[in-house]
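Going line by line, the protein sequences match chains L and Z.
The opening position of the first sequence corresponds to residue 826 in the numbering used here, with each subsequent residue numbered one higher.
The opening position of the second sequence corresponds to residue 27 in the numbering used here, with each subsequent residue numbered one higher.
Source of the hints: derived by calculation from the structure; they are not laboratory data.
Quick reminder that beta carbons are idealized off the backbone N, C-alpha and C, glycines included.
Where hints are given, some of them may not hold.
Not close to chain L: a few residues of chain Z, all C-beta gaps over 10 Å, as computed [said to hold, decoys possible]:
#1 Leu31
#2 Gln148
#3 Ala176
#4 Gln329
#5 Arg441
#6 Val558
Okay, derived cross-link-like pairs now, DMTMM-like style, lysine to aspartate or glutamate, Cα gap no bigger than 20 Å in a straight line [said to hold, decoys possible]:
#7 Lys383(Z) / Glu843(L)
#8 Lys594(Z) / Asp555(Z)
#9 Lys42(Z) / Glu267(Z)
#10 Lys586(Z) / Glu487(Z)
#11 Lys383(Z) / Glu841(L)
#12 Lys1043(L) / Glu941(L)
#13 Lys383(Z) / Glu984(L)
#14 Lys1031(L) / Glu926(L)
#15 Lys1010(L) / Glu1030(L)
#16 Lys376(Z) / Glu994(L)
#17 Lys1031(L) / Glu1005(L)
#18 Lys1041(L) / Glu1005(L)
#19 Lys586(Z) / Glu504(Z)
#20 Lys414(Z) / Glu446(Z)
#21 Lys376(Z) / Glu978(L)
#22 Lys323(Z) / Asp182(Z)
#23 Lys983(L) / Glu69(Z)
#24 Lys1010(L) / Glu69(Z)
#25 Lys383(Z) / Asp892(L)
#26 Lys42(Z) / Glu978(L)
#27 Lys376(Z) / Asp982(L)
#28 Lys293(Z) / Asp218(Z)
#29 Lys42(Z) / Asp982(L)
#30 Lys91(Z) / Asp28(Z)
#31 Lys91(Z) / Glu994(L)
#32 Lys383(Z) / Glu1021(L)
#33 Lys482(Z) / Glu455(Z)
#34 Lys42(Z) / Glu984(L)
The lines below spell out each chain.
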Amino acid sequence: MSISITIDGKEIETEEGETLIDVAADNGVYIPSLCYMRGKPCLGTCRVCSVKVNGNVMASCTVPVADGMEVSVADPEVADMRKALVEINFSEGNHNCPSCEKSGRCELQAVGYEVEMMASRFPYRFPVRTRDHASEHIFLERDRCIFCQRCVEFIRDKETGQKIFTISERGTGAQIDIDEELANKMTPEQVTEAAEMCPVGCIIEKGLGYNDPMGKRKFDIKSLRQRTLEGEEV
Amino acid sequence: MDQKLNDILLQNNSDKTRLINILWDIQRQYGYISREAVAQLSEALNLSPMDIAETISFYHFYRTKPFGEHTIYLCDSAIGRMNGYQAVRDALEQEAATGFGAVSADERFGLADTNCIGLSDQEPAMMVGDVVFTRLTPAKVASIMADLKAGKAPADIANPQGHDSHTLAYVESIVETGIQNEGAVLFQPGRDYKALLQSGLGQHPDEIIDDVTVSNIRGRGGAGFPTGLKWRLGREAEGAEKYIICNADEGEPGTFKDRVLLTRSPKDVLLGMIYGGYAIESRFGIIYLRAEYWYLKDYLERQIQDFRNDGLLGTDILGSGFDFDIRIQMGAGAYICGDETSLIESCEGKRGTPRIKPPYPIQQGYLGMPTIVNNVETYACISQIIEKGGRWFADIGTEDSTGTRLLSVSGDCARPGIYEIEWGMTLNEVLDMVGAKKPMAVQISGPSGECVSVAKDGDREICYSDLSCNGSLMIFDESRDLLDIVRQFMHFFVEESCGICTPCRAGGVDMRTKIERVIDGRACQQDLDECVEWGALMRATSRCGLGTTAAKPILTTLDKFPELYQAKLSEAKHALLASFDLEQAVGEYDYAFKALVEEASK
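Looking at chain L on its own, in the form it has when it is part of the complex (with noise of 0.2 Å):
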């Protein structure tokens, strides 16, 4: 059904019940994410693209859009909110950009740059994570993990359906592992599935490092919000 909303105070045509975060892409409006896939299943996790909706927030990957919807990305709270839950990620892991592999193609960077981050506002605290090499092809860097479980939720071996990646524990003690024989079976493709999909530098392909220079990177070349807009594949 065809419906109408407001994003900004612009007037939007919309099918009910499409998903938010897609259809303010659809119409120019960039809202960040550092979970949320297009056309995959809503993850919900990393709550970087919480918008107001007819005056409360919430994350705009888990809401279908309805008639009459009042939205407001702009809104100065809700964009320091959003803000606030990039910078929360920086200082919960270790994230060091000039020495990261994944640097100029890293999706938390890349959403740094877009709200304007300098410094996290929270209190940097240095957390001591063990490095996961066991698995032939990919270093899992447990440092710059963000538990958004893209890798949890979306690599999967191919013949029985398990999961490859898994996360153990909970809260503050919560760990991305990876499955060392199934990992082992993973084809060249999957692995750097696996290793694109990682917003961050965590899941990392062995045997590949820094493999453009500067000014060549993915994000130098295209922005993560004009490839967001064009709907492109992140």
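Use these hints to put chain Z onto chain L, whose structure you have.
Just chain Z now, kept in the frame of chain L:
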């Protein structure tokens, strides 16, 4: 292949949605869940071993290593700490000859802390095996430990008369029921359940729902959603199956009313669930019982069996053509499972992670089917509403909060326990009733609720439109260190956050750091301002009720008792923030320097 494990799998139909039960069966058989067991499960359930580890590691009570012949979980709660927790803890360490988080050298005892176990009216309390011990003192601990060392089973110590675990006498020999007054709705004696159900099933499902709607009852779990509307939506929802779930997870610190309802009026709860099943045309009910209430399990199974034997559960109930049965799903130690979608995930054998909404359980709940989740007390009330009519219920309480509210009262008062009050009573009236002397603050609805000041809020009414209360009421008198209680509550939320969303997982830790800083006298006004700002962030952006409320211990005390915070603030003596400890920051310089010199000289 291990035969016993094979039997466990067979009993559970090798069904991965029953993983919580399978893991419990394994742990109860072997004491812990070994790698070998996980490997075997992995084969049988087509789950990777690490996928199974996801679930195991989520829940507090599962163990992947042996943790003593007897694992003792001492309840670490704000109320326990007011009643001698530390002395009991010391006594346990001495008697068990080990520290907390560890196992004794003879491998007989493992000691662990656990959050509120639903016994706030009789703390300190601890769980040992399937039973609990209450009103602990160092002397009582010594006696229990001596009996355990002598080879007595925990149940035999807690229940010296040897009552059958399926009986009320067994439950009441372990735990005092603690009902302190007589109310208008609940705990009515001598009910003829067969006649009641016969009469209820004589009505059309729409009439049942109409009665619930007219009663204006709102969900007793705390959120206060109108139950009549929920049931109406449940009836209208389409699904190959539908499910009725009773939320008996009761994890909110300070709450124990559901424990008492399930002890004294379990059949009221079952009857309410049957009405729910009849109203929405569901054939299956599940009681999600928190693992801390294991001592109630056999007793509840017997109640369910009684109903089956009398034709009140099963096929063609009382000749009506309606089929309905109820099973008990045990939890495994996770506060978050009190959230209805987390609870459903747990019922499906997974981590208790809250789902994205929509879809709501009423659309896609348990196994993807329309599901109604209501609190224990809601079902018990409905069993009365269907008997006496919605109007009768609506006449009790206030206009927007009908009926009664069970209060679990604990803390500084003469008579802690269970009180059934009509909604609309003022806080002062409640405090008088329970014999509170010099009360300073009252924590309403547990850590996720609000801390109110008796001086400022004493005349407020307990009802949805004013002081909304989920049943937990903890009283702190003037002698208590409220900021330390706030710290404990923040610690609770950090421990119980599932971690799936960023604001709750990360924000909770930063908020806890703030309150610690205040207590240490290293905070300045900026810290308090940031508490308000970050608390608002958590409230607005978290994924579920845990995260949205987790900052409330700080926010509500900051609002009601600002002087406590102000008194702790430090004056800036130099350009650095008070929270910056220069000594500590440079303290490791010498160590690092030496280490580097040694490294270089190698």
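Each hint tested on the structure:
{"no.": "1", "hint": "Leu31", "result": "holds, 20 Å"}
{"no.": "2", "hint": "Gln148", "result": "holds, 29 Å"}
{"no.": "3", "hint": "Ala176", "result": "holds, 37 Å"}
{"no.": "4", "hint": "Gln329", "result": "holds, 33 Å"}
{"no.": "5", "hint": "Arg441", "result": "holds, 36 Å"}
{"no.": "6", "hint": "Val558", "result": "holds, 13 Å"}
{"no.": "7", "hint": "Lys383(Z) / Glu843(L)", "result": "holds, 15 Å"}
{"no.": "8", "hint": "Lys594(Z) / Asp555(Z)", "result": "holds, 14 Å"}
{"no.": "9", "hint": "Lys42(Z) / Glu267(Z)", "result": "holds, 19 Å"}
{"no.": "10", "hint": "Lys586(Z) / Glu487(Z)", "result": "holds, 17 Å"}
{"no.": "11", "hint": "Lys383(Z) / Glu841(L)", "result": "holds, 16 Å"}
{"no.": "12", "hint": "Lys1043(L) / Glu941(L)", "result": "holds, 19 Å"}
{"no.": "13", "hint": "Lys383(Z) / Glu984(L)", "result": "violated, 31 Å"}
{"no.": "14", "hint": "Lys1031(L) / Glu926(L)", "result": "holds, 11 Å"}
{"no.": "15", "hint": "Lys1010(L) / Glu1030(L)", "result": "holds, 14 Å"}
{"no.": "16", "hint": "Lys376(Z) / Glu994(L)", "result": "holds, 13 Å"}
{"no.": "17", "hint": "Lys1031(L) / Glu1005(L)", "result": "holds, 14 Å"}
{"no.": "18", "hint": "Lys1041(L) / Glu1005(L)", "result": "violated, 33 Å"}
{"no.": "19", "hint": "Lys586(Z) / Glu504(Z)", "result": "holds, 14 Å"}
{"no.": "20", "hint": "Lys414(Z) / Glu446(Z)", "result": "holds, 18 Å"}
{"no.": "21", "hint": "Lys376(Z) / Glu978(L)", "result": "holds, 13 Å"}
{"no.": "22", "hint": "Lys323(Z) / Asp182(Z)", "result": "holds, 17 Å"}
{"no.": "23", "hint": "Lys983(L) / Glu69(Z)", "result": "holds, 16 Å"}
{"no.": "24", "hint": "Lys1010(L) / Glu69(Z)", "result": "holds, 17 Å"}
{"no.": "25", "hint": "Lys383(Z) / Asp892(L)", "result": "holds, 18 Å"}
{"no.": "26", "hint": "Lys42(Z) / Glu978(L)", "result": "holds, 17 Å"}
{"no.": "27", "hint": "Lys376(Z) / Asp982(L)", "result": "holds, 19 Å"}
{"no.": "28", "hint": "Lys293(Z) / Asp218(Z)", "result": "holds, 10 Å"}
{"no.": "29", "hint": "Lys42(Z) / Asp982(L)", "result": "holds, 18 Å"}
{"no.": "30", "hint": "Lys91(Z) / Asp28(Z)", "result": "holds, 18 Å"}
{"no.": "31", "hint": "Lys91(Z) / Glu994(L)", "result": "holds, 15 Å"}
{"no.": "32", "hint": "Lys383(Z) / Glu1021(L)", "result": "violated, 28 Å"}
{"no.": "33", "hint": "Lys482(Z) / Glu455(Z)", "result": "holds, 14 Å"}
{"no.": "34", "hint": "Lys42(Z) / Glu984(L)", "result": "holds, 18 Å"}
Against the hints set out earlier in the document, violations occur for numbers 13, 18, 32.
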